[in-house]
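Trainee: Protein chains in written order, with the numbering used here: chain Y, 47 to 476; chain Z, 47 to 476; chain U, 47 to 476; chain V, 47 to 476.
Simulated from the structure, these hints should not be mistaken for lab results. Possibly wrong hints are sitting among the right ones.
[To be verified] On the chain U side, residues computed to face chain V include the following (Cβ under 10 Å): (1) Arg-63; (2) Phe-75; (3) Thr-77; (4) Leu-105; (5) Leu-174; (6) Gln-211; (7) Glu-343; (8) Asn-355; (9) Arg-404.
[Said to hold, decoys possible] Label-pair restraints from in silico Cβ distances: (10) Z:Glu-94 to Y:Glu-273: 52 to 60 Å; (11) Z:Val-416 to Y:Arg-116: 48 to 56 Å; (12) Z:Glu-343 to Y:Gly-311: 39 to 47 Å; (13) U:Glu-343 to V:Glu-273: 32 to 40 Å; (14) V:Asp-244 to U:Val-416: 37 to 45 Å; (15) U:Ser-62 to Y:Glu-343: 52 to 60 Å; (16) U:Glu-273 to V:Glu-429: 54 to 62 Å; (17) Z:Arg-63 to Y:Glu-273: 30 to 38 Å; (18) Y:Ser-62 to U:Glu-343: 25 to 33 Å.
Please read these numbers as outputs of a predicted model, since none were measured by experiment. Cβ coordinates follow ideal geometry from the N, Cα and C atoms, glycine included.
4 protein chains.
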Amino acid sequence: MKVIAEAPTTSIDVFSRYESEVRSYIRSFPTVFDRAKGARLWDAEGKEYIDFFAGAGALNYGHNNDTLKRSLVDYIGRDGITHGLDMGTQAKAEFLQVFHDIILEPRNLNYKVMFPGPTGTNSVESALKLARKVTGRSTIVSFTNAFHGMTLGSLSVTGNGFKRQGAGIPLANAVSLPYDSYLETGLDSIALLEHMLDDKGSGLELPAAVIVETVQGEGGINVAGVEWLQRLANLCREREILLIVDDVQMGCGRTGPFFSFEAVGIIPDIVCLSKSISGYGLPMALTLFQPELDAWEPGEHNGTFRGNNPAFVTGTEALRLYWRDDRLSKVTLSNEKTIRDFLMDMVESIPALHGRVRGRGMAYGLECGVPGLAEKITARAFERGLVIETSGAESEVVKLLAPLTIDSEDLHQGLAILADSAKAAAKEVI
Amino acid sequence: MKVIAEAPTTSIDVFSRYESEVRSYIRSFPTVFDRAKGARLWDAEGKEYIDFFAGAGALNYGHNNDTLKRSLVDYIGRDGITHGLDMGTQAKAEFLQVFHDIILEPRNLNYKVMFPGPTGTNSVESALKLARKVTGRSTIVSFTNAFHGMTLGSLSVTGNGFKRQGAGIPLANAVSLPYDSYLETGLDSIALLEHMLDDKGSGLELPAAVIVETVQGEGGINVAGVEWLQRLANLCREREILLIVDDVQMGCGRTGPFFSFEAVGIIPDIVCLSKSISGYGLPMALTLFQPELDAWEPGEHNGTFRGNNPAFVTGTEALRLYWRDDRLSKVTLSNEKTIRDFLMDMVESIPALHGRVRGRGMAYGLECGVPGLAEKITARAFERGLVIETSGAESEVVKLLAPLTIDSEDLHQGLAILADSAKAAAKEVI
Amino acid sequence: MKVIAEAPTTSIDVFSRYESEVRSYIRSFPTVFDRAKGARLWDAEGKEYIDFFAGAGALNYGHNNDTLKRSLVDYIGRDGITHGLDMGTQAKAEFLQVFHDIILEPRNLNYKVMFPGPTGTNSVESALKLARKVTGRSTIVSFTNAFHGMTLGSLSVTGNGFKRQGAGIPLANAVSLPYDSYLETGLDSIALLEHMLDDKGSGLELPAAVIVETVQGEGGINVAGVEWLQRLANLCREREILLIVDDVQMGCGRTGPFFSFEAVGIIPDIVCLSKSISGYGLPMALTLFQPELDAWEPGEHNGTFRGNNPAFVTGTEALRLYWRDDRLSKVTLSNEKTIRDFLMDMVESIPALHGRVRGRGMAYGLECGVPGLAEKITARAFERGLVIETSGAESEVVKLLAPLTIDSEDLHQGLAILADSAKAAAKEVI
Amino acid sequence: MKVIAEAPTTSIDVFSRYESEVRSYIRSFPTVFDRAKGARLWDAEGKEYIDFFAGAGALNYGHNNDTLKRSLVDYIGRDGITHGLDMGTQAKAEFLQVFHDIILEPRNLNYKVMFPGPTGTNSVESALKLARKVTGRSTIVSFTNAFHGMTLGSLSVTGNGFKRQGAGIPLANAVSLPYDSYLETGLDSIALLEHMLDDKGSGLELPAAVIVETVQGEGGINVAGVEWLQRLANLCREREILLIVDDVQMGCGRTGPFFSFEAVGIIPDIVCLSKSISGYGLPMALTLFQPELDAWEPGEHNGTFRGNNPAFVTGTEALRLYWRDDRLSKVTLSNEKTIRDFLMDMVESIPALHGRVRGRGMAYGLECGVPGLAEKITARAFERGLVIETSGAESEVVKLLAPLTIDSEDLHQGLAILADSAKAAAKEVI
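Starting from the given sequences, assemble the full structure and let the hints guide the process.
Mentor: Right, dumping it as structure tokens:
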């Protein structure tokens, strides 16, 4: 075999030439990014962007946080174990201890920790498997516009029809029921679930579990009410149905507290965590569950990259940096007010948006009542140096997901760009 | 909320206290590892181990390779994008170009590259979805003792009954047929598949795809013959069934050439790659397919950690370091001879093993004809400072999976420990 | 082999000795019936019973109608083909012609007729298969408390949890939505279905078909409103979802007109008919569908007893006898008034029943608000010489299903027994 | 509504005008049959046919047997209960007692009797449900070219791809393994099944049951060897897998003894019976199982036409007439010799058939090695007055299924027509 000469890597063309058509965000943000810090990104041309996307919630602490970076570089530098499967390592032991000490114990949460593989969908798949194993039942109840992942089990509890169709086979063993406030004409979806459980002829088998997001991020920033979630949790407890909270996107402080369900006063049986748990954007996920549910046999669920030790190192450091006290939570709730007020004003001042604002903490959505408008806004925003995406089944919601650690200047600058973009886009559709 | 004080992290107890019962390798290797380099690991007590496990194939180039490490630290140091979803980044562009230039082009392979999420099971799930989408068919043919992953789609094509049971629901849309040499009494499983395809009454629908490992790693180092694989590939082509090679464990040089199927002279329609593709043990996976199969809609399959840029950096560097020429392949084949000869001698000199040797490249197995013996051997080996696991549905095979880059001294020392351990274990069972 | 001597058949014991525990009605009606005529049955002891059960709707014209009987005996007597698979026979040709002339043509219905096997569940299975084939979709929407049959496909669209559990495997490819008036607190289930169809993130795939009973017989005599059914039909037409009306129990005049949907002013795409279609209680079923849906390949669905020619003979005769004009329909509607008024009075005069009355035509239900009471009433009724069953998922509804041809005396006598039984049973529970 | 005038029924056109395209046998036998007696049929034009089809096995005792007919007419004449759901009736009690006395007891079979609905597929569905319920497992093993019915559960264990496709959804919870003598090159399919059960990595879950036909009728008259069946039965017993024999077509004396498995010396756990069990071509089916498997709850499986009492009457009479002694069995075995010898001669004397002969009892097949030839032969036969069908997935087998009670003259005449037709058809293809 002869020595290979590489062709020069020049431009964005390399993606259209070599990468599958499945690529998506590069189409919304057509540039080649290079560096990033905090809430800012720079592309290869040096153009600067403010980040209101935060890795779809994987960068709650911003890009390349210096404290975390230091730990990471130190660890790599001293040849700390990189890849550990699920063998014991110092880095993993430390993460477990710190997660217990800083997160679980102060919240009186007594969860066992599982490393299900490094992504959210790994966590969801493991949660579904465990729920079915423990209960001996097969059905999982999920909700309209839920998003739980792209592997077959997670996809079966995901609402998005376009994603579901990608399975190529009928999805089974899951029932999709209306999320909170589903019909504008009114529908008490907890009452419906309760009635279907009581009614022996409803066609709904007693489910193994209900899986729910407290705020649906991909589904359009749909916010479940506190009472709705409490009634759901109570109903599950009464009927011995396991309650799984998928906190992959809304956990790690996104809505204010570390877990999104803390503010609601419920304690799920199983919790899925990923995205920001490593703190640095490195692949990592956890599945948490009540100790009495820990019915796994050794190795019954496994995976090569359960032990991504660099992620454990930054994850540990992130917990120490941000969660020893409630300062970050407070900042998040303060930022929420800023964001919400800004969006409310915007909606009022640009009636052509037919806009509606909703969210919790620093997960906010601006729903546009005009088809295609939200996508126009985010496109205009990108031109102006703001990275922001849409969500919802028809991409009808502009989704604000800035890093929790964004400073005030960046936040205001980003919001200003958004307002400009909205105005510009609104003009186009009038 | 008060400031949290952490409890001290001391020992292996932290895992039994906080981690789920699902943990497994820590039970076989009961220590806390700390550092690693090349083919050697050190635990927290400073005890040294030789690594014949290599992250289950994720560390083909050994631990913390200095060249790769330098690139990685540089990248992190300059605040290169860490987490990029599937946005364009310099690191990703470079990986795509280098993968094309060094791997695909010289082999006349014209694959589109998909980043399906960072693990093998993500790749397999995406392959199954694509095969079903493209063909409009639902059935996937897999083989006895196949291992393709733990998420629901991958699990349905995995043979291991213990793992399958973990699904908690019946697995569907997959048919498990006998792998090469399945029955000792003889069975031409390709003839069987062909006949079932021809026979309109066989109960086997025309499948979307056949998924196969050229060597089954987890399944017990079962080696498919060249002719068997060629006949399989021909049959698939004739019947317009897609051929998926899961090269997650056997790719990246494990059997000698970069792709395990190169030596066989077949060109799969879809290839799953993961484990060693990042070169450094970082989570990363690829799905490769013929351009005419690239029927994905943008975003039809997605996932948060598709863009683990540190892995792209080390992955690019690894390709440059090891695959510009065929030196590594040659070393692997030379090592194969050493390993095979050693094992053959061992089997002969320790008849109590009732041993059988099989493998390809640097994936070798020593099947022990005595129940429980293989696990005894690996336990004795660990005590003696060798990390080595078993495989096979009944853990009946000692699996040698040393880093490809292991030096001669480490290799021989590891083999010597193995032989000692085998002798010791054999004595226990007599 | 020696000549066999039979043991004498004496009593009801033979059933408990030889028949499976699955037997059910014999437990509610513990006697051995022997003869029957019109609306009366006699057991082996000569005890007489009035029949308010009518073979669960299979005997709309009563037992052993003399006109039908004459045709049947003539046909048998002259060695007419008994068993014809789906070969052409005189009896079948005549049935087809008469069904066309008397039933379809006058109603401007242009259905193709399929003989799917001789039972309701055969018809439902064929309807589901055809709907999936024609649309290329997999999901069927059914409703809470639906009953469509006991074979796997029909069971998957049946609501009753006890029956569903009998499948022993998870049921798939079906979604159960709320029937009309499902929640007492109000729920517009057509609006819910419409919203889920519009919402690309609802988790509800565009279904192949909706299957509905206009009145749910087994489910508890739940009556869908006219407007609800019309909105459902309109929604299906707009979205190109096939509408299947399962008229197995409510067809053949049970609610007044021949098809139960006639009064509603909707035209289903597919209709399932069975039970009373043979007129004489002989096994027979039809599946009717719009000609443009007739996408079957020859023999794609088959079955041994599709051609039960004695049933064709009596079926033809029944159509001629009862459906050349609207006299029977008028009688049914007149009887409905008698029944409804009687039940309303009963409910008022026996408050301990906590009764509610509902129904359409001669399918009426008396729901008892006290657990177990409905079963007590039917048990007391049987002692008093009235055969009447319960329905509903908790057997909470006394179900009046007298033959349409019952004479006034028998009807009043049956109602009087029912009232006595209700009083007696009500006393027991006070 | 006005009085309806019927159009005159004239001809075979009525079927193409009104009946669905799914009709099939009428295409092979394009006439309108009218009367039948013994082994002879007459069409509306008075043309006579010899019957080598026997209602696909539903008419083992020929058409309209006089003794049975007398009982039937008497029963109808005296207003015996026609339709009884699963209530107790005299006719049913008598059938149960006589079936016990004449069939079960003399064979030392201790089966409970279930009336699962009146068709073979009802019986198979009930068998699968029971097997899954009793074992708590989901998988059913079936065999290549099996035929078990057209409802969803039965279809999932049927091999025919054309029929399976009719489901419109993927079929699940069933595994199709090679039947006896599947590969001409040799394959011990029992050894394969055994190995897959032993191998924890085979991908085959421990099945609830194996369902098998001792001779596959629809599948092409494939005859399982005695030893193969015995090994299968032994394997099932050892592994506590239930053995279901589907004797729908091969039971009731078709292969000689009443049950086809008697000659093999095995005792299935569950037996499906239908077709000829009523003796007169009336819809009726039974499911038999060991008493310890009778885990049904009352009504857990039901169906309207379980109690087709006219069928019980003729079924009882048929048992008395033909099964008190072994005369019929002996005749059948004698006829077998006649048929086999004739076919062997035919194959030898018409080499262009590339014929192969196989069968057991009076179920015989002539496989033609030339595509389309078998269908040509049966078409030529029909012209010559012989009703005979093909079977096999490609309709490649002429299937001889004369009534067991055919007299010698009719048998020889039928065979002679067959030989003439084969000669004629063979000429066409040369």
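Trainee: Does each hint hold? Answer for all of them.
Mentor: Status of each hint after checking the structure:
no.	hint	result
1	Arg-63	8 Å, holds
2	Phe-75	5 Å, holds
3	Thr-77	6 Å, holds
4	Leu-105	6 Å, holds
5	Leu-174	8 Å, holds
6	Gln-211	8 Å, holds
7	Glu-343	7 Å, holds
8	Asn-355	8 Å, holds
9	Arg-404	23 Å, violated
10	Z:Glu-94 to Y:Glu-273: 52 to 60 Å	59 Å, holds
11	Z:Val-416 to Y:Arg-116: 48 to 56 Å	52 Å, holds
12	Z:Glu-343 to Y:Gly-311: 39 to 47 Å	41 Å, holds
13	U:Glu-343 to V:Glu-273: 32 to 40 Å	39 Å, holds
14	V:Asp-244 to U:Val-416: 37 to 45 Å	57 Å, violated
15	U:Ser-62 to Y:Glu-343: 52 to 60 Å	44 Å, violated
16	U:Glu-273 to V:Glu-429: 54 to 62 Å	58 Å, holds
17	Z:Arg-63 to Y:Glu-273: 30 to 38 Å	36 Å, holds
18	Y:Ser-62 to U:Glu-343: 25 to 33 Å	44 Å, violated
Violation of the numbered hints given earlier is confined to hints 9, 14, 15 and 18; the remaining hints are satisfied by the structure.
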